[in-house]
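Enquirer: Below are the chains, spelled out letter by letter.
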Amino acid sequence: NAGVTQTPKFQVLKTGQSMTLQCAQDMNHNSMYWYRQDPGMGLRLIYYSASEGTTDKGEVPNGYNVSRLNKREFSLRLESAAPSQTSVYFCASSDGGVGYTFGSGTRLTVV
Amino acid sequence: SQELEQSPQSLIVQEGKNLTINCTSSKTLYGLYWYKQKYGEGLIFLMMLQKGGEEKSHEKITAKLDEKKQQSSLHITASQPSHAGIYLCGAQNSGYALNFGKGTSLLVTP
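First to last, the sequence lines map onto chains Z and R.
Going by the working numbering, the residue at position 18 of the first sequence is 73; the numbering climbs one at a time, nothing skipped.
Going by the working numbering, the residue at position 27 of the second sequence is 28; the numbering climbs one at a time, nothing skipped.
A portion of the hints provided could be inaccurate.
Unchecked claim - Sample of chain Z residues with no beta-carbon within 12 Å of chain R, all distances over it, derived:
(1) Met96
(2) Gly158
(3) Arg162
Stated by the list, open to error - Which residues of chain Z face chain R? A few of them, derived with a C-beta cut under 10 Å, are:
(4) Met82
(5) Asn85
(6) Tyr90
(7) Tyr103
(8) Gly151
(9) Gly160
Quick caveat, the hints were computed from the structure, so don't treat them as lab data.
Each residue gets a CB set at the ideal place from its N, CA and C atoms; glycine is no exception.
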């Protein structure tokens, strides 16, 4: 089925380890986003890419980096994981301001 | 930035009862989205409202955007256990990104 695919679905990291969360969409959308969801906080925007070749900070970018590899793929990297980054991460894409579609999420635990 | 406030934060209703969830914005809304999230899963798109006074329905769920475009409501008629989950309202912010409220957790009891 067409949509947004995130990998991995679950991950446990030790403090200080690094990892990259992968996201790919097959809807030919221009814009892609990374959010984190914490209990009682809703979804908070980490980074977004309005179009291929551009990336911008969202509400909570500290401790993260992103790469818009091509039109389909948008990755999120944690260089040195901290317990405060324990969260559920969602990738999303849209065709400008319409058609927002979300992945199924990555559940990350940092111990 | 635009802030979205949802109320109530949580709701427990008996099966068959009606309920309403509200979403209030600090600024004029130019695109208001409603999503449902089952516990532990991703977001499912419900409806999108753009025009003041607009109302949309899907099955037993109706969403409205007020004339001033600063408040939206989501109404569920004759609730069922399948309606349980977290309901999130979102609005467009900079760079097309959606800004979300903190969500309303709904539990439907038999």
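Enquirer: What hints, given by number in increasing order, does this structure fail?
Expert: 1, 2, 3 and 4
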